[in-house]
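Start from the sequences and build out the full structure, keeping to the hints where you can.
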Amino acid sequence: MGDHGPEPLPGPEGRTAPGRPIGELADPFSLEVHRAIEVPPAAGPWDNGRGETLPLLPAYVERVHDTRLREVVQQAADGVSGMVVLVGGSSCGKTRACWEAVQELPAGWRLWHPIAPDRPQALLADLAAVAPRTVVWLNEMQHYLLTPTDSVGERVAAGLRDLLAEPDRAPVLVLGTMWPEYWATLTGTPQPGVADAHPQARVLLSGAVVPVPDTFNGPALKALRLAAGGDPRLARAAAEAEQGHITQYLAGAPSLLDRYRAAPSAARALIETAMDARRLGHARALPHALLEAAAPGYLTDGQWDTLGEDWLEQALAYTAAPCHGARGPLTRMRPRPGDPYPAQPHYVLADYLEQEGRTNRRTAGVPPQLWNALVDHAAVGSHVDIARSAGLRGLKRLAVRAYSVAAAHGDTFALLQAAKVLREADRTDEAIDWLQDRAEAGCEFVLWLAGDLLRETGRPAEALARYRQAAETGDTFALRWAAELSQEAGRTDEALEWYERAAEAGDISALRQGAELLQRTGQVDEALAWCRRAGESGTVFALHSAVDLLRRAGREAAADQLARYGWEPGGDIAQPWEARPPG
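Quick note, the numbering used here runs 1170 ahead of the 1-based positions in the sequence shown.
Calculated directly from the structure, the hints in this document are not laboratory data. Hints may contain errors.
Estimated spans, in silico, between C-beta atoms of each pair [said to hold, decoys possible]: (1) E1232 with P1362: 42 to 48 Å; (2) L1562 with P1362: 15 to 21 Å; (3) P1362 with E1274: 43 to 49 Å; (4) G1644 with D1509: 35 to 41 Å; (5) P1362 with E1208: 52 to 58 Å; (6) E1479 with P1515: 15 to 21 Å.
Don't be surprised by glycine CBs; every beta carbon is placed ideally from N, CA and C.
Given below as structure tokens:
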């Protein structure tokens, strides 16, 4: 790479730019590139005839996706910001391809891998400080965009869009990797009537995908065989990998599957516990207590009765053993120096086995022990996804329990979802009582949802009371909802008062709705004044609404004049003016 740029590098607003010079990055495994299998030497240390030992990574064999990746990297080197997301299955070579690509960047480029305290928070905390000539490294990009609270992932997506669009911060290069199922979730068109959870992510990802095939074929296989002469790891993969699954073999996939399929009953129970916990929504780090509580549910009575007292230790030792130098099926996570030390050990399931579980255990039954363990022992931040999985399976009690745990940890989204589960089960009174209890416990913002539930069930007076309570706590949205409810009840003056309060609190939509209400009650000039107030806020709909309002009132000339000439700063409709060409 050559010389690197100065340290520290100032970012926007005088903040230190995140990341490190690429020339200083000597450890690809810190960026989550998979370790390769180890090949035992036939006699003594392997060398290539010149006394050189094997490098950390096998020789790289380019495939079709590398061409497109290299193009975007070159554009970034030439000064044009860009983003590429490599999409493919587990261990198909996505992260390694990104690692090879950034080695081509010229001196002065940095690489930032935001991961702590968690990935979305790390990215949002320092995104504004990213300097030009920075690679934003988003391996397993779904962790940044598919968050338990959709709004966090959407903030990440919006922030990345802003970064890529800012000319003063160009060039930057965003590199991401993702499994196909996550790509489909983030980019799929929502069903009619279903809220769009990922509009920002969908736009961000549009046009950025570069598919990575699972297999080597044609020219890639030929190049692999040529490279295998200088690396025994490639030679073994070329000889033994099934149907061209070279990268998966190099990452230890065959040994992982063999270890799983031949595991003793307790070890297999642990692996399947981890597989199911991950597909049901738990975060990557699996707590020891969860595994210990859930694994017995995967054992028959006979298997359980014959286990020794140290069954868990023995099973964890089995799952931790490396497979040809690659990570074992289920291994303990070791905190790095300076990272917070967890209260209990946490374990991570090998990627390839996680995908195996998602594919081949999709219809497998889940023991009650795992569901209970997920609610009782899941890591903070996992309960919303677990609750969603329970709800999809009709496990309403467990869904509400999981949402309740998430809410107790401060997840406001979970409060709303728990009430939604009860409402959809025609248990509205319980949902309202539950929300009221949460409000009295300090979560006052949920009062508006209680109002919505009462409004939907034909109890407008009680709904208005909840909206008033919410408004008194500073909830500006509740002001508009109170206005709408008063309007539905025919109390025009009261509705206008609520709209006025909402507008004063900054709700521009309240001005439009108030104007429409005034127009319907024959107060056209007052309605125009409200439209003008909206226009002063820079809202584009204001002038169009005013024109439409005038036409509906039969004032065609005024409508035409406003449409053609606009307003004057004082609020009057502008008189005809001539647009003269410059000069």
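If you test the structure against every hint from before, which numbers come out violated? none
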